[in-house]
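2 protein chains.
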Amino acid sequence: MKRGVLIVLSGPSGVGKGTVRKALFEEPDIDFQYSISMTTRQPRAGEVNGEDYFFVTREEFETEISNGGMLEYAEYVGNYYGTPKSFIDRTLAAGRDVLLEIEVQGALQVKEKMPEGAYIFLTPPDLHALKQRLIGRGTEAMAVIEKRVSTATSEIRMMANYDYAVVNDEVELAVRRIKDIINVERLRVHRVLPEYVEMIEELEE
Amino acid sequence: MKRGVLIVLSGPSGVGKGTVRKALFEEPDIDFQYSISMTTRQPRAGEVNGEDYFFVTREEFETEISNGGMLEYAEYVGNYYGTPKSFIDRTLAAGRDVLLEIEVQGALQVKEKMPEGAYIFLTPPDLHALKQRLIGRGTEAMAVIEKRVSTATSEIRMMANYDYAVVNDEVELAVRRIKDIINVERLRVHRVLPEYVEMIEELEE
Chain A
28 MKRGVLIVLS
38 GPSGVGKGTV
48 RKALFEEPDI
58 DFQYSISMTT
68 RQPRAGEVNG
78 EDYFFVTREE
88 FETEISNGGM
98 LEYAEYVGNY
108 YGTPKSFIDR
118 TLAAGRDVLL
128 EIEVQGALQV
138 KEKMPEGAYI
148 FLTPPDLHAL
158 KQRLIGRGTE
168 AMAVIEKRVS
178 TATSEIRMMA
188 NYDYAVVNDE
198 VELAVRRIKD
208 IINVERLRVH
218 RVLPEYVEMI
228 EELEE
Chain B
28 MKRGVLIVLS
38 GPSGVGKGTV
48 RKALFEEPDI
58 DFQYSISMTT
68 RQPRAGEVNG
78 EDYFFVTREE
88 FETEISNGGM
98 LEYAEYVGNY
108 YGTPKSFIDR
118 TLAAGRDVLL
128 EIEVQGALQV
138 KEKMPEGAYI
148 FLTPPDLHAL
158 KQRLIGRGTE
168 AMAVIEKRVS
178 TATSEIRMMA
188 NYDYAVVNDE
198 VELAVRRIKD
208 IINVERLRVH
218 RVLPEYVEMI
228 EELEE
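The listed protein sequences derive, respectively, from chains A and B.
For reference, each letter of the first sequence is one residue, going 28 to 232 in my numbering.
For reference, each letter of the second sequence is one residue, going 28 to 232 in my numbering.
Because the hints were derived from the structure by calculation, they are not lab data.
Treat the hints loosely; a few may be bogus.
Note that identical chains are pooled: a pair holds if it fits in a single copy or bridges any two copies.
In silico SDA-like pairs for lysine to any residue, Cα to Cα no more than 25 Å straight-line [claimed, not checked]:
no. : residue 1 : residue 2
1   : K29       : E182
2   : K29       : D79
3   : K29       : F82
4   : K29       : V194
5   : K206      : T180
6   : K29       : G105
7   : K44       : M226
8   : K29       : E130
9   : K49       : S64
10  : K206      : I57
11  : K206      : N195
12  : K112      : E229
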């Protein structure tokens, strides 16, 4: 059984990760498993355990943490939210690709534990157009320019930890680039080598 | 100026590297520079210096070697053949992609000096079908099976040094996969990061 590919879609807040992820799942030839988060918050009306979230108690979540079972987690407004490793592991082992959409800090935590994933950094088109826009205007207050430059700089620092940079200029184009990345990731030697080695071992028996 | 991508197409002898390379260059949307080899052999009728080969004297070739100017070289039948680094460097620096088609030993030498290239290993479809074919026949002499297994094993060992494995089952499909690889290589963070950093540095001036 060929192992699935873990695709991690991340990027700065406001870049449009959710929109791109939804568009990806609407593609007819895409059959990912979406990575389901674990949380201690109460299910809302209509939310299904194991579909929207894995709903657990605070004790269960903390047990997972101490067992090293969380790829990443954080606490917001008194509730834990995180990515359980076992679900992703089982899905990949069954040969299915997993998509994890996550903010930058979480993605970097996941990468430490699962470096074999394909880490995609969605970049704002602003970053490309920034220079032209600022110079073109010619009237921008220095404080505004400095703030923008500082934001762009820290985004670039984060990007260096990823495998791919995909500009989200148009959702359709970003989706096409991500689909190309996934197809090509399947050709990477470190992914296909075990398959060849296994075949050879069977031949040699 | 965005640097071009070095694409190294290699694989075991007889796999069809030349056929796939020619088909790639016939694609309307492909605009590579083919890496031109340097040789000390005499030009044949119709061969043009700087197009078919860089034709040089034995002394010139040996000077290049001692200056570290050859990415790889070998001697056949009293003549040197090799890949000059400066031509590839200049072409990449001008923003043009370079395709180098080369046998496995040469490719590994090139990789030591230019690890940033995209190294593609063309695999024979036999390797996939090998097990089924051998088992299916049921009548293969053990010596033949062992020879095939040994060839397959050493091919797999070489593959581990490459970035991508492309099965040459059909030339058209292999070409499509290689084109996808090239598109996706352009999205790799280590290629686009310098561009972003440069932009930021200009912004900060």
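Could you work out which of the previously given hints the structure breaks and list their numbers from low to high? Of the numbered hints, 2, 3, 5, 6, 8, 12 do not hold.
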